[in-house]
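J.: Residue numbers (the numbering used here), protein chains in the order written: chain A, 1 to 342; chain B, 1 to 408.
For the record, the hints were derived by calculation from the structure and aren't laboratory data.
Only a predicted model underlies this, so the values are computations on that prediction, with no experimental measurement involved.
Incorrect hints may have been included.
In the BS3-like style, the derived pairs of lysine-lysine whose C-alpha atoms are separated by at most 27 Å in a straight line are [said to hold, decoys possible]: (1) A:K116 <-> B:K222; (2) B:K123 <-> B:K106; (3) B:K403 <-> B:K213; (4) B:K48 <-> B:K107; (5) A:K45 <-> B:K51; (6) B:K384 <-> A:K97; (7) B:K110 <-> B:K403; (8) B:K302 <-> A:K74; (9) A:K42 <-> B:K345; (10) B:K403 <-> A:K74; (11) B:K276 <-> B:K66; (12) B:K323 <-> A:K74; (13) B:K144 <-> B:K48; (14) A:K45 <-> B:K302; (15) A:K74 <-> B:K222; (16) B:K403 <-> A:K97; (17) A:K42 <-> B:K270; (18) A:K116 <-> B:K354; (19) B:K345 <-> B:K270; (20) B:K51 <-> B:K25; (21) A:K70 <-> B:K25; (22) B:K169 <-> B:K201; (23) B:K152 <-> B:K358; (24) A:K42 <-> B:K152; (25) A:K45 <-> B:K25; (26) B:K51 <-> B:K110; (27) A:K45 <-> B:K345; (28) B:K392 <-> A:K97.
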Amino acid sequence: MPNKTFFWFFLPTGLAMILFIGLPIISTGIQSFYAQHDQIVKEVKKCDPFGCTVSIVVDQEATSILRDEKPLGKFNGFGTYIDRNHLAIEQISDFWKETDSFGEFINQVTNLPFYKALLFTLTYCLFVTPNVLLLGFIIALSLNAISRKIRGPLIFGTILPMIVTPLVGSLVLFWMIDAEGIIGANLQLMMEDPYLSLKSSRTLTWITIIIYGIWHHSPFAFVVFYAALQTVPQEPVEAAIIDGASRYQRIRHIVLPHIYPVVTFVALISLMDNFRVFEPIIGFSAEGSAQSLSWLIYDNLVNEEVILFGSAAATSMMTIVGIAILLAPVLIRTWKEFRTAR
Amino acid sequence: MRKILLTLLFVLFGTTAYADGHCSKPSGSINILANDFPALRTFVETAKGCKGSADFKVTHSSEHNKIAVPALTANPSEFSARIAANSSIVPLMNQDLIRPMDDLVKKYGKGIQDSQLITIDGKVMAVAFMANTQHLYYREDVLKELGIPVPKTYEEVVAASEKIRASGKMQHPYAAAYKAGWNLAEEFVNMFIGHGGEFFKAGTAEPNINNAKGVATLNMLKKLASLSNPDYLTHDSEAIKVEWESGKVALMTLWASRSGTLLDDEGDAKITAATKLTGPATVGGGSIPAATLWWDGFTLAKNRSDSDAEATFIALAHAASNKKMVADAADQAVWLVEGFVPGPKSIGVIEAVKMGAKPYPMLPQMGLMHGALGSEIVEFLQGKESAEQALKDVEAAYISKAKEQGFL
Chain A
1 MPNKTFFWFF LPTGLAMILF IGLPIISTGI QSFYAQHDQI VKEVKKCDPF
51 GCTVSIVVDQ EATSILRDEK PLGKFNGFGT YIDRNHLAIE QISDFWKETD
101 SFGEFINQVT NLPFYKALLF TLTYCLFVTP NVLLLGFIIA LSLNAISRKI
151 RGPLIFGTIL PMIVTPLVGS LVLFWMIDAE GIIGANLQLM MEDPYLSLKS
201 SRTLTWITII IYGIWHHSPF AFVVFYAALQ TVPQEPVEAA IIDGASRYQR
251 IRHIVLPHIY PVVTFVALIS LMDNFRVFEP IIGFSAEGSA QSLSWLIYDN
301 LVNEEVILFG SAAATSMMTI VGIAILLAPV LIRTWKEFRT AR
Chain B
1 MRKILLTLLF VLFGTTAYAD GHCSKPSGSI NILANDFPAL RTFVETAKGC
51 KGSADFKVTH SSEHNKIAVP ALTANPSEFS ARIAANSSIV PLMNQDLIRP
101 MDDLVKKYGK GIQDSQLITI DGKVMAVAFM ANTQHLYYRE DVLKELGIPV
151 PKTYEEVVAA SEKIRASGKM QHPYAAAYKA GWNLAEEFVN MFIGHGGEFF
201 KAGTAEPNIN NAKGVATLNM LKKLASLSNP DYLTHDSEAI KVEWESGKVA
251 LMTLWASRSG TLLDDEGDAK ITAATKLTGP ATVGGGSIPA ATLWWDGFTL
301 AKNRSDSDAE ATFIALAHAA SNKKMVADAA DQAVWLVEGF VPGPKSIGVI
351 EAVKMGAKPY PMLPQMGLMH GALGSEIVEF LQGKESAEQA LKDVEAAYIS
401 KAKEQGFL
């Protein structure tokens, strides 16, 4: 396609992307550099059905003057980024000086909200992505090998986890693993431990969410791999059979190289999705044991009675940077391949 | 058919004629945002009875806190009124989203008692209509069988729960809404106030919880948690209500406003009959209960036309002074409206008031403290860190947030 045609072809999409993705990101970025104005409070008398007290309120007149002057708030630079609830530069350097062993230092650091969330998010990505790829590929291969007659219903059954809304899927599992639920109660019986709870232990909660993640994301990998498998040319496969290649050898040397670009694609999408893990934490009410970066943003925006726009914006920007870093190796590789191909 | 229609019409008009309270037939547009529990539904339904020619809409949602500020910030705002409580009125005040209603009270608020008015700096900002608190519920049959007296303190609750567990009758005899986040933080607030704690250093927004009272509070919460269902960190009020109704719990701390659903005809009649209410417990030898008093009342949005505000006030004031409503729904809530005769389901709140319970602190920075508590004390309950470390974390998390918000 000539560049000019491509340009006109891409223009509407590009404009929509700038409008709905680019500008909001820029606005979020600007927001993250601002904090609220200093609150001017005054002492007043408050009366309610339980009596009167002298208490403080925000002085609206004084505050509105400040707000009208600078509606964005007080410029804070990278202040929000480096405070204790985000990168916590100061706290980490203190820990480094105070702690005696490296293990203790790591303990202290992962106790900070941002690093706690980052640790879970990365663990989730690290376990879910490869397993999704592997499981999706195995299912695609198996389904591709069985009789066409029963393939349709089987495919439908396999993609069910993807059709079920994530929140509903996690809620169903949530009630099943409750200490009074079918899985939870049976586990207690089997382990002969009435205090066993999948939800109160941090490790078990993480394992549950990771297994749920694999269950939910595998169908996507499966669908893409299955489609790719249909394009594998039959001649080299038949030639390999005649040459006496085993099934493993055929997959390793013919099928995999053929669908390799698709594997990269699924890995990319899967990584991006998993880095933004959010719904299962809400669905499993796992806030106590597992927090992700997306959950931190949500927490700043809705869980507090005071909305922390600056905090949420800073975490959002760092999530974008995080995804970029994670994807960098794959993107660089694709770019190199693209250049050599030309 | 005609007869039926006629009767229906008669009934409809009959009820409007019968309803008392003052209704000046407003016009305009009324849209209310409220939490979702039976008493509030009754209240809003009653207000609807006085909608006149106005367009009447209501949103009942347990996620009301998340919608309120954005919805009222818009100009004109989505809602003309918001049913708020001590804590949820604070963000509305901080952002200047609600209007004073002194004129309206003077003009249309005849039946409203002075004690219902929430005044801040001399201006009426809300009109309260019901009171709420968290208090103890107990299973009379279980306690009697084991010869346990009704607990008055949390120390006695622990002893009683241990005895029930030892008897083998119940594995996890205690329940409270310990779900990580708002609920857990609320339990901390109650227990800390019971220990006589103050959240902030006098006259400042500096945190003041990392002390002996804070440690005692956390230790008591942990003791109670060890006597609860092991999934306690995921259980909110609704979940423990279900636990109670399945007969697996004998002692529980729960909102007074939920007593109606516990004592209704649904569920096991034996459990319902043995469910008894008592005041909130004290803790650590203190005399004030480890509980906070709450009011629910209505506020009017600032970013909405005066005529809509007037219409909304007329309808809501009609409900907030409605003797028939409080007589009919006497067991749904502790109404602050004139003419309310407290029934057996109001014992919890009345006891709490008698014992001198404190209201939930209505301070501009309290929401940030509540949020920090909800996430930072979890690891202590899981046994992953010491009480001192947890309290240090709460203070540090709070300070960062308070700095960003300009309170420090």
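J.: With a cut-off of 27 Å on the C-alpha distance, tell me whether K48 (chain B) and K107 (chain B) pass.
T.: Holds. K48 (chain B) to K107 (chain B) sits at ~20 Å (cutoff 27 Å).
J.: Assess, step by step, whether the Cα of K45 (chain A) is no farther than 27 Å from the Cα of K345 (chain B), and give holds or violated.
T.: Status violated; Cα separation ~32 Å.
J.: Check whether the Cα positions of K42 (chain A) and K345 (chain B) lie no farther apart than 27 Å.
T.: Distance of about 39 Å is beyond 27 Å: violated.
J.: Checking one constraint from the list: CA of K144 (chain B) to CA of K48 (chain B), max 27 Å. Satisfied?
T.: violated (46 Å)
J.: Would the hint linking K74 (chain A) and K222 (chain B) be met if the CA-CA limit is 27 Å?
T.: At roughly 41 Å apart (the allowed maximum being 27 Å), K222 (chain B) and K74 (chain A) break the hint.
J.: Has the given pair, K169 (chain B) with K201 (chain B), been kept, meaning a C-alpha gap of at most 27 Å?
T.: violated (45 Å)
J.: Between the alpha carbons of K123 (chain B) and K106 (chain B), is the straight-line distance 27 Å or under?
T.: holds (12 Å)
J.: Are K392 (chain B) and K97 (chain A) close enough, with their CA atoms no more than 27 Å apart?
T.: holds (18 Å)
J.: Can you confirm whether the C-alpha distance between K302 (chain B) and K74 (chain A) stays at or below 27 Å?
T.: holds (25 Å)
J.: Has the given pair, K116 (chain A) with K354 (chain B), been kept, meaning a C-alpha gap of at most 27 Å?
T.: violated (44 Å)
J.: Given the proposed pairing of K403 (chain B) with K74 (chain A), does the C-alpha separation stay at or below 27 Å?
T.: Distance ~11 Å between K403 (chain B) and K74 (chain A) Cα, so the pair holds.
J.: Given the proposed pairing of K345 (chain B) with K270 (chain B), does the C-alpha separation stay at or below 27 Å?
T.: Cα-Cα ~18 Å, so holds.
Consistency note: the structure conflicts with the earlier hints numbered 5, 7, 9, 11, 12, 13, 15, 17, 18, 21, 22, 24, 25 and 27.
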